[in-house]
Amino acid sequence: KSTISVLVDGKDKEKVLFEKESNQKLPIASLTKLMTAWVVLEHYYDLSKEITISKLAANQYGDIRKLEEGKTFPAEYFLYPLLMESSNGAAFALANDYEGMTERDFVQLMSRETEKIGLNDTFFDNPTGLDPQESKTEMNYSTANDLVKFTKKLLEKPLIWEILSLPRYSLYGPELINTNGFLFKEDKSSSLPFAAARVLDGSADWQDRIIGGKTGYTGEAGGCLLLVIKAPKAQGFLINIILGANGKENRFEEMKKLVDWLKVAYKW
Numbered sequence: 001k002s003t004i005s006v007l008v009d010g011k012d013k014e015k016v017l018f019e020k021e022s023n024q025k026l027p028i029a030s031l032t033k034l035m036t037a038w039v040v041l042e043h044y045y046d047l048s049k050e051i052t053i054s055k056l057a058a059n060q061y062g063d064i065r066k067l068e069e070g071k072t073f074p075a076e077y078f079l080y081p082l083l084m085e086s087s088n089g090a091a092f093a094l095a096n097d098y099e100g101m102t103e104r105d106f107v108q109l110m111s112r113e114t115e116k117i118g119l120n121d122t123f124f125d126n127p128t129g130l131d132p133q134e135s136k137t138e139m140n141y142s143t144a145n146d147l148v149k150f151t152k153k154l155l156e157k158p159l160i161w162e163i164l165s166l167p168r169y170s171l172y173g174p175e176l177i178n179t180n181g182f183l184f185k186e187d188k189s190s191s192l193p194f195a196a197a198r199v200l201d202g203s204a205d206w207q208d209r210i211i212g213g214k215t216g217y218t219g220e221a222g223g224c225l226l227l228v229i230k231a232p233k234a235q236g237f238l239i240n241i242i243l244g245a246n247g248k249e250n251r252f253e254e255m256k257k258l259v260d261w262l263k264v265a266y267k268w
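Quick note on numbering: this note's numbering labels position 96 of the sequence shown as 96, and the sequence is numbered without any gaps.
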């Protein structure tokens with residue numbers, strides 16, 4: 001397992017508050033979709049262009065909610081299920097069905113952006129983060145340190161964080177529910193089928209300062225979670241990352257432990 005928490009102040013100076021195995025290369029599951037969104041915002045010149053959901057996009061493995069084949073939406077819309085519900089169908093549609101794009105070309109753009117940003121210990125083979133079907137194929141991987149660097153770049157894209165901070169969204173069709181349980185303050189309920197609420201102990205104000213986060217899970221990667229929080233007293237923001245947690249629930253438990261520790265270990 002790998003963990004890091006970094007405080008980035010208003011002058012872009014970093015202070016590592018906690019780290020464990022932060023340079024270990026590990027599979028990142030659906031944290032991949034942050035790069036998928038970055039590539040779309042960097043390279044797709046017209047997000048109002050419509051994408052029609054193909055049969056392949058509608059039948060992607062592992063989706064909580066399948067996209068509806070034949071429906072057409074602006075490209076920008078697909079960023080919502082991509083980032084809120086980790087939709088593999090949305091990732092597939094953006095990488096394959098936008099005007100003139102193929103998945104091979106899209107992955108090349110992911111690699112180019114990885115190099116440009118300086119993520120030297122990061123690799124992408126696909127836009128979803130799913131474990132490869134063939135054992136000889138290398139899976140998407142990164143390190144906690146690289147993900148801190150990437151998150152700082154991602155903060156230049158307000159739309160990404162606008163989406164990541166939404167508990168729910170229903171502009172088109174069925175309501176999307178964010179997989180980041182920290183966005184919900186209510187108790188576990190049937191209205192949160194896969195995002196049981198988790199409160200950061202004794203500090204509702206810390207929960208209110210969440211800028212956004214992204215979940216990930218596969219059998220190979222285990223549980224992954226990125227959570228960005230505004231630091232108290234306008235001291236900047238905290239980038240917190242958990243990789244390789246032992247299951248879907250454990251990633252939230254480990255993040256909760258980390259944030260609760262940060263609150264008492266440092267004078268804010």
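Think of the hints as simulated: they come from the structure by calculation, not from any bench. Take these hints with a grain of salt, some might be off.
Unchecked claim - The list that follows gives simulated cross-link-like pairs (lysine-lysine, DSS-like), each with its CA atoms no further than 30 Å apart:
{"no.": "1", "residue 1": "LYS233", "residue 2": "LYS185"}
{"no.": "2", "residue 1": "LYS1", "residue 2": "LYS149"}
{"no.": "3", "residue 1": "LYS263", "residue 2": "LYS66"}
{"no.": "4", "residue 1": "LYS1", "residue 2": "LYS263"}
{"no.": "5", "residue 1": "LYS25", "residue 2": "LYS185"}
{"no.": "6", "residue 1": "LYS13", "residue 2": "LYS233"}
Unchecked claim - Computed beta-carbon distance windows for the label pairs:
{"no.": "7", "residue 1": "GLU175", "residue 2": "GLN133", "range": "28 to 34 Å"}
{"no.": "8", "residue 1": "GLN108", "residue 2": "ARG168", "range": "31 to 37 Å"}
{"no.": "9", "residue 1": "ALA234", "residue 2": "LYS157", "range": "20 to 26 Å"}
{"no.": "10", "residue 1": "ARG112", "residue 2": "LYS15", "range": "29 to 35 Å"}
These figures come from a predicted structure and were not determined experimentally. A virtual CB, placed ideally from N, CA and C, is assigned to each residue, including glycine.
Violated constraints from the hint list, given by number and in increasing order: 3, 5
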